[in-house]
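Chain R is fixed; fit chain Z onto it per the hints.
Each chain, letter by letter, is given below.
There are 2 protein chains.
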Amino acid sequence: MSVRITEIEEPNSEVLRLGLDAPLQLESGASIAPLQIAYQTYGTLNAAKSNAILICHALTGDQHVANEHPVTGKSGWWISMVGPGKPIDTARFFVICSNVIGGCMGSTGPASLRPESGEPYGTEFPVLTIGDMVRAQARLIDHLGIETLLAVVGGSMGGMQVLAWASLFPKRVFAAMPIASAAKHSAQNIAFHEVGRQAVMADPEWRRGRYRIEGTRPVKGLSVARMAAHITYLSEVALQRKFGRNFQDRDAPTFSFDADFQVESYLRHQGISFVERFDANSYLYLTRAMDYFDLAADNGGSLAAAFKGSATRFCLVSFTSDWLFPTSDSRQIVHALNAAGASVSFVEIESDKGHDAFLLEEPNLFATARGFLDAAARARGIAEGKV
Amino acid sequence: MSVRITEIEEPNSEVLRLGLDAPLQLESGASIAPLQIAYQTYGTLNAAKSNAILICHALTGDQHVANEHPVTGKSGWWISMVGPGKPIDTARFFVICSNVIGGCMGSTGPASLRPESGEPYGTEFPVLTIGDMVRAQARLIDHLGIETLLAVVGGSMGGMQVLAWASLFPKRVFAAMPIASAAKHSAQNIAFHEVGRQAVMADPEWRRGRYRIEGTRPVKGLSVARMAAHITYLSEVALQRKFGRNFQDRDAPTFSFDADFQVESYLRHQGISFVERFDANSYLYLTRAMDYFDLAADNGGSLAAAFKGSATRFCLVSFTSDWLFPTSDSRQIVHALNAAGASVSFVEIESDKGHDAFLLEEPNLFATARGFLDAAARARGIAEGKV
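Top line first, the protein sequences correspond to chains R and Z. All letters in the first sequence, in the order written, are residues 1 to 387 by the working numbering. All letters in the second sequence, in the order written, are residues 1001 to 1387 by the working numbering.
For reference, chain R alone in the conformation it holds in the complex (with noise of 0.2 Å):
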C-alpha cells in the first residue's frame, strides 16, 4: 500500500502544481484547488513547439505510455506504439501523456489529500466530467507553453478526451485521432459501469469512501468490479481462441469451486493484480466520467455543432470485434464530423481481439496512425525524421 500512496502524493513523475489561486472550474459548478497534475515526456518539443501530441489514457491507464511502471515494474501500457521509431516516433515528436484528474497516479483525485483537512478527499471529491480531465490537461499544456498541439490521440476512455480536446479547444488540435471510442456512453456501457461501481460499494471495508482515513482497503469488490468490466474488454472470439474450455493445471473437472477453467483463474488474476496499483474510488469517479460524457447533449443535442467550423483533421479507428465500443460508435462521429464539413478519415480494423486491440500490437492500427501523424507533421512543416 506504501508504493500506491507515494505514487498519489508523490509520484515518479514530473509534476505540475496549481495553488490555491488557480481553481480548476469544473462542470459540476465545484471546483478543485490546489491541483497537481502528474505527467511524463518523451522526445524533445522542437523550437516551434510544434511537433507536441498529447496521448490521453483509458480508464485504467495512466500516463506511463513508453517507461516502466514504478508500482507493477511491467513496460508501459503503450509501448509498442510510442517510442523512437515507433508510429508515435519519440525521435521525431515530443509526447506527453498525464494522468486524469480522478486518477490515482500522481493527478489529484479521490485519493489525495484535502488541503484543509489533510485527509483524503474519499467521496467529497467533486464528481468528475471527460471535459474537466481536458480542461486540467489545458493547463499542462500551457505550462509546457504550447499553444496547439501537433496532435491528440487516445483510446477508449482516452479518445473521449480526444473528442473533447478537439469540441473544446479546436484551435489547439492541428490533428485528432479517437481510437475504439465514442461521442456518448452507451446504455449497456454505463449498465456494466453500474455492476462495477455497486460490487465496490457492495464491500465493507469501502466504507463509505472513507477507506484511508479507517485503514481498510475495498480489495474484494474491486476485484470483482475488474473481472466483470475484463470480459466486455475480450471478444468472445479472442476468450473462445485464448481459453476455451481448458482446464487449469487439471484433467478433469474437480467438482468444486476452485478456478478448474483457465478462463476463470485469468479473470481472478486479473482482478486480484488491477487492486495492486489502482484506487478504488478513483474507479468509481472515472466510470462516472465516462457515463456522463454526450457531446451532443453538451451542444444542443447536435453531435455536429460540436465539431462546428473545425479545422482539425481527425482519424477515426475502430475495431471490427470491439463490442463494447463497436463501430458504429465511430461512424456516428463521423457522420457529425462530415456534417460539419471537417476533414475526417476513418478505418475499421478487422480483428477478433475486442475492445483490447487498441493496446495490442495491431499491424493496421500502427500503420494508421504512423501515416496519419506523419501527413498532419508534413501540413504542419515538420520535416522528415527531424525535430
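Just so you know, these hints were derived from the structure itself, not from any lab. From a predicted model like this one, the values you see are computed outputs, not experimental measurements. There could be a bad hint or two in this list.
[Claimed, not checked] To spell it out: a stretch of chain Z is covered by chain R in this simulated footprint if at least three of its residues, at any positions, have a beta carbon under 8 Å from a beta carbon of chain R; those stretches are: (1) 1065-1074; (2) 1284-1297.
[As the list claims (entries may be wrong)] Part of the chain Z face toward chain R, derived, beta carbon under 7 Å: (3) E1194; (4) A1199; (5) M1227; (6) F1243; (7) F1261; (8) G1301.
Ideal Cβ positions, reconstructed from N, Cα and C, are used throughout, including at glycine.
Same frame as chain R, now just chain Z:
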C-alpha cells in the same frame, strides 16, 4: 426470510420424497439422500400416459411456470406459453415442472437441512451437473408412472436439461425442444458466471457458505451477481430502446453516484428483488452446473455420439440478438443431430430482445412451439383438442 425457508423445507408445491434407501448417485461420485423434489403439474394425464410434457426451468427459474408464485406473488414465469389454449396447452397436455436439485424452491439444495446434523448443507452440498438434475427429474417421472414423455421443453439452462434428457434417456423423450441453449457453455459465459460467484463469495455475509447457520445473508454480493448477469440477458439494442441515456426522475445529472440513469435504477431493482427469492449458494451451484455442461466431452468428444440412434424428434430455437446463447450454439447442435441421423428442425427467430426473448411475448416462438407439439401429439396418436 421466513417465507424463503418455508419454501425450502415445506414448499407450496407437490413434493416427492426419496429416502435414505434410494440415494441419487451424482457424476462427481457423491450421492444425495434423502432427496426432495418439489414440482407443479397442470392439466390431466391421459389414460395412456402419453400426453406428458416436462418443462425444464432456467438458472433463476423454478417450478412455478403457470401459477402465482408463492414468494413473489407474481404470475408464473411462462404464463404466456403454458395454460389452457396456450402454445403448451394444458387443456390437452399434462405439464410437469420440477425445481432442479441444487435449487431453493423445495427441491434439495445447499439451503436444505442435512439429515445427519439438521443444519443446512451450505457448501458441503455436492457439486452437481446438468445430468444430475435430469436423473433426479427421471425419478419424478418414474414416480408419476410415465414411461415416455411426449416432450421435454426448456430454455437456456432448461435447454441444457432437454439435451441431457435426450442424450441420457432417448427412449423416454418422444420430442425435445431446447430453446436459446447450447451443448456446452462458452468461455465467455463461464467468465460471467465466475464474476457472479466471486461477487457472492466476496460478501463477508456469505461466511464461506454458512450464512444460514450464522444468521447472515449475502444480499449485496448476490445482488451484484444478478446485476451483471442481467445485462447478459438483454441485447444492446433492447437496452438502448428501453433506457438509452434517459435520466431517472430528473432532467440533468446530479454529479453523484445516485442512479441518475434509468438503466442504473432498473439494474439495482433487478438485484434487490432477486435476493428476496433466491438462495446465494444455489446460485453458485447452478451456475457451476452450467459451466460444467459439455455434452460432446461426455461422449468421447463427439456431440453426434450423444444422440446416436436417437428416435427423438428435435426442434431447436434461437434468437438473432441473443449473445449469451447465440444462434451458432444451436446450429452446432443441429449439425450434430444431422450427423447422428436424428429428426431435427431449427428456427432462428428474428428478435432484438436478446436472451430474454424466450421468456417474452414472441409470437414466432409461440407458433413454433404450438406447431411442433401439435405434430408430436398427432404422431403419438393424441387427438386434437382431446386429453
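Taking the hints in turn, this is what the structure says about them:
no.: 1; hint: 1065-1074; verdict: violated (count 0)
no.: 2; hint: 1284-1297; verdict: holds (count 6)
no.: 3; hint: E1194; verdict: holds, 4 Å
no.: 4; hint: A1199; verdict: holds, 5 Å
no.: 5; hint: M1227; verdict: holds, 5 Å
no.: 6; hint: F1243; verdict: holds, 5 Å
no.: 7; hint: F1261; verdict: holds, 5 Å
no.: 8; hint: G1301; verdict: violated, 12 Å
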